[in-house]
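Visitor: Two chains, two separate frames, one set of hints: put the complex together.
Protein chains in written order, with this note's numbering: chain P, 1 to 149; chain E, 1 to 133.
These are calculated hints, taken from the structure and not from any lab test.
Being a predicted model, the structure only gives us computed values, none of them experimental.
We treat Cβ as the ideally placed atom computed from N, Cα and C, and that holds for glycine.
DEER-style ranges, computed between Cβ atoms:
# : chain 1 : residue 1 : chain 2 : residue 2 : range
1 : E       : 63        : P       : 10        : 33 to 39 Å
2 : P       : 125       : E       : 61        : 28 to 34 Å
3 : P       : 50        : E       : 98        : 52 to 58 Å
4 : E       : 64        : P       : 78        : 40 to 46 Å
5 : E       : 129       : P       : 130       : 56 to 62 Å
6 : E       : 38        : P       : 141       : 55 to 61 Å
7 : P       : 93        : E       : 127       : 17 to 23 Å
8 : E       : 98        : P       : 110       : 49 to 55 Å
Quick look at which bits of chain E chain P covers, simulated, 3 or more residues with Cβ under 8 Å:
#  : segment
9  : 33 to 43
10 : 50 to 63
11 : 81 to 95
12 : 102 to 112
For reference, the chains in residue letters:
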Amino acid sequence: MLGTNPFRELDLLRREVDRLFEGFASPPNRAAFLPGRAARSYPLINLYETADEVLVEALAPGVDPKSLEVTLQENALLIAGEKPRPAGEIAQEAWHRNERAAGRFLRQVKLPTAVDQDKVAADYRNGILTVRLQKSEAARPRRIAINAA
Amino acid sequence: MAENTIQQTAPQSTEVTATEATREPERFVTPPVDIYETKEGLTVVADLPGAAPETIGIDVEDGVLTIKAPVAEDAPREAVYREFALVSYFRQFQLGEKIDQGAIRADARNGVLTLHLPFAEKAKPRRVAVATG
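Next up, chain E with everything else stripped away, as it sits in the complex (with noise of 0.2 Å):
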């Protein structure tokens, strides 16, 4: 019974990490996110609080989705009291054939990050008429 059932809490990245192969010496957060799937395709939602929309980038480059939204830095005031600091995000993720690339949408409202990825039309489920003698 339990191996059938699937863990809903993924581990929450809380760690702060720069990004592989790169000497970019900006840090990045990894944002949580959720994906579904629907008859059309994956939904991916993510939490951006702090990146403007107009910021955030967007890529697909040899099927893998880069997520990265830089965020201003705080203005230089003393906090009394904090308990978060904005760090740019980052996130990646590897696509699999199904995706139509060329057909991503985004949306992004309230700090949260919406992109729909259609299934390309030749992976979507198709009936097959079985004909009868």
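For reference, chain P alone in the conformation it holds in the complex (with noise of 0.2 Å):
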């Protein structure tokens, strides 16, 4: 642990604490953005409902789209895939910069409400993922007509 920079961790630290702290004031406006190498959870998402659907978006660039795997069951969605390192071999003492993370990844998000498990499409397009889903009639809303004497 030689290399480690006391600073630099407590840097991070206070960065994670704010982000956690963040979401209770107000709306985070200023960019969650993706820090690869914190500890924390890849991808980041974000959660939409409407009357009928629930909507998935998912924060993960440069992920070859074949490695994508989206899993859904009961109502837990499974996010995994890989986002790869730059291709060919290159030597440590070539790199200027390296701030991209690499790897696997795999995420589970839990739905709010009950979802049709056959109607879901996901689609890949700019580095977002957003995976849609159609609630099952149950979780739907309801108008109820009232009688009246």
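Guide: Structure, rendered in structure tokens:
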């Protein structure tokens, strides 16, 4: 551990704490951006819900679409894939900067409602994965007719 | 020993910054990059998720390489749970004398921009034969 810089570790910790508290005070309008190397869940996700559907967005640039696996099991969505390293052998001394993370990832997302297991569409565009799920009939809002005497 | 090791992990920029010297109201984030050297030149790889390839702007002016990528604003949807928000990307690099600035190639795929910056011919290593008497 000779190479670790304690100040850097402290700085990372401070940022992580800032990030944790950010959500309470205000919406995160400053981009929670993909620091590749910090120990946190990857990919970062956004979850949207409308009357009929649930939308999951994952920030995963540079992932080989063929390696991307999206699995739905009951109420959990599983996103797995691999972000490859730059191709070829690159000597240690040839690197000028190495800020992007690489490697395999796996993340489970719990869905807020029951969804239709058959109607799922996933789309990967410009490094963002979008999974569109239809709510199951029972989970959709229903208008109740009121009987007036 | 420790003095000789190169710190591979560069600090990640999570700060949103305004570009200096402009009054543009737009805000930007600094995308993380990989830069490595080959015999032919430098390769710059940048993560720009959410930026469409045709909107990424790459300029070289006075030896400064500028990467600028606007990102479409999020649709005004209510997020139940939010971990990220997309903000436009901006980053600049000073290019050395060795780079052939007219021959830069760019390629964008899956939200990742790859730039090839070839060395100028005169800067490439050349083996000089030693004449023996």
